[in-house]
Each structure stands twice: as structure tokens, then as C-alpha cells.
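Everything in the sequence shown is counted per the numbering used here, starting at 88 for the first residue and increasing by one.
To be clear, the hints were calculated from the coordinates, so they are not data collected in a lab.
Watch out, some of these pointers could steer you wrong.
[Said to hold, decoys possible] Distance ranges between label pairs, derived from CB positions:
{"hint": "1", "residue 1": "VAL135", "residue 2": "THR115", "range": "17 to 25 Å"}
{"hint": "2", "residue 1": "VAL135", "residue 2": "GLU167", "range": "13 to 21 Å"}
{"hint": "3", "residue 1": "VAL135", "residue 2": "HIS111", "range": "30 to 38 Å"}
{"hint": "4", "residue 1": "ILE92", "residue 2": "THR115", "range": "36 to 44 Å"}
{"hint": "5", "residue 1": "LYS159", "residue 2": "GLY100", "range": "27 to 35 Å"}
{"hint": "6", "residue 1": "THR115", "residue 2": "GLY190", "range": "13 to 21 Å"}
{"hint": "7", "residue 1": "ARG155", "residue 2": "SER133", "range": "32 to 40 Å"}
{"hint": "8", "residue 1": "HIS143", "residue 2": "ALA168", "range": "20 to 28 Å"}
{"hint": "9", "residue 1": "SER133", "residue 2": "ARG104", "range": "22 to 30 Å"}
[To be verified] Heads up, simulated PhoX-like pairs for lysine-lysine below, C-alpha to C-alpha not over 20 Å straight-line:
{"hint": "10", "residue 1": "LYS181", "residue 2": "LYS159"}
{"hint": "11", "residue 1": "LYS174", "residue 2": "LYS124"}
{"hint": "12", "residue 1": "LYS181", "residue 2": "LYS124"}
{"hint": "13", "residue 1": "LYS138", "residue 2": "LYS174"}
By construction, the Cβ of each residue, glycine as well, lies at the ideal position given by its N, Cα and C atoms.
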Amino acid sequence: MLTVIAEICVHPGQRARVIQAIEHITPTVLNEEGCSKYQLLVDHVSQVPWKQHSPHSIFMLEHWESLRHLEKHQQAPHMEAHRANIKDDVIAVKIFVLQPVNGQEPASHVAGG
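Build the full structure now, drawing on both the sequences and the hints.
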């Protein structure tokens, strides 16, 4: 499984519009073969000194079964239309494609366990 973290930097005042566009395509993306997670995230507002502040960024957390599935997603007509729809609102996109160390599945904590 691959994990994708994408940071979408938007022009000031355009974050809500881009969020709405992402929310619109999310059900379609989640129905794509190989996609098990497509989650929209924004900066948590807090005043701790060690945290990076990103008020003009939107983050995507995605899980894909394989690189083939992710590449197919990137080339999908609905994604091409989505990118064209938001291109004037976006400054830059950084995409990180990650894999578990040594092929390990992600560890998780079970409450009460």
C-alpha cells in the first residue's frame, strides 16, 4: 500500500473554493479501483511554538493499493477536469508518495487494549 500526502497551497481567500471542489470529487475518487482513503485536511489552529502554520494550504491523505492505481487516478478524466477547475486558485502542489519502512503495515494503537 502507498500513502500519498499532498499539500495544495492556494491563493489567499481561495481555500474554501478549493475545499468545495475537492469535496465534490471525493465520492468519485473513493470509488476508484485501488483507493482506500481520500481524506481532506486543513491546518489545526493552535498557538504552540513548535507547529508549522499553513493557513493557505490544504492537505490530502490518500491510500492507494499500488503505483499503477495512483497513476490511473492522476490520469482520470475527472481529475483532469478538477485540476483545470482549480488551476487559477492554486499556487503550488507538493505530492509525497510514501511506503512503509521494510514493507511493514502501519502500526496502530487500540484503545483499552
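Here's how the hints hold up against the structure:
1. Checked against the given bound of 17 to 25 Å, the beta carbons of VAL135 and THR115, roughly 36 Å apart, lie outside it.
2. Under the hint 13 to 21 Å, the C-beta atoms of VAL135 and GLU167, about 39 Å apart, miss the expected range.
3. At about 33 Å, the beta-carbon gap between VAL135 and HIS111 stays in the expected band of 30 to 38 Å.
4. At about 20 Å, the beta-carbon gap between ILE92 and THR115 misses the expected band of 36 to 44 Å.
5. For the pair LYS159 and GLY100, the supplied restraint of 27 to 35 Å holds, since their beta-carbon distance comes to about 33 Å.
6. Under the hint 13 to 21 Å, the C-beta atoms of THR115 and GLY190, about 30 Å apart, miss the expected range.
7. For ARG155 and SER133, the Cβ-Cβ distance of about 39 Å falls inside the hinted range of 32 to 40 Å, so the restraint holds.
8. Between HIS143 and ALA168 the Cβ separation comes to about 24 Å, which falls inside the hinted range of 20 to 28 Å.
9. Between SER133 and ARG104, the C-beta spacing of about 25 Å keeps the proposed range 22 to 30 Å intact.
10. Among the hinted pairs, LYS181 with LYS159 is consistent with the structure: their alpha-carbon atoms are about 19 Å apart, no more than 20 Å.
11. The straight-line distance between the Cα atoms of LYS174 and LYS124 is roughly 24 Å, outside the 20 Å bound, and the hint therefore fails.
12. The suggested pairing of LYS181 with LYS124 holds, with an alpha-carbon distance near 18 Å, which does not exceed 20 Å.
13. Taken as a hint, the LYS138 and LYS174 pair is broken in the structure, with Cα atoms around 28 Å apart against an allowance of 20 Å.
The structure shown violates the earlier hints numbered 1, 2, 4, 6, 11, 13.
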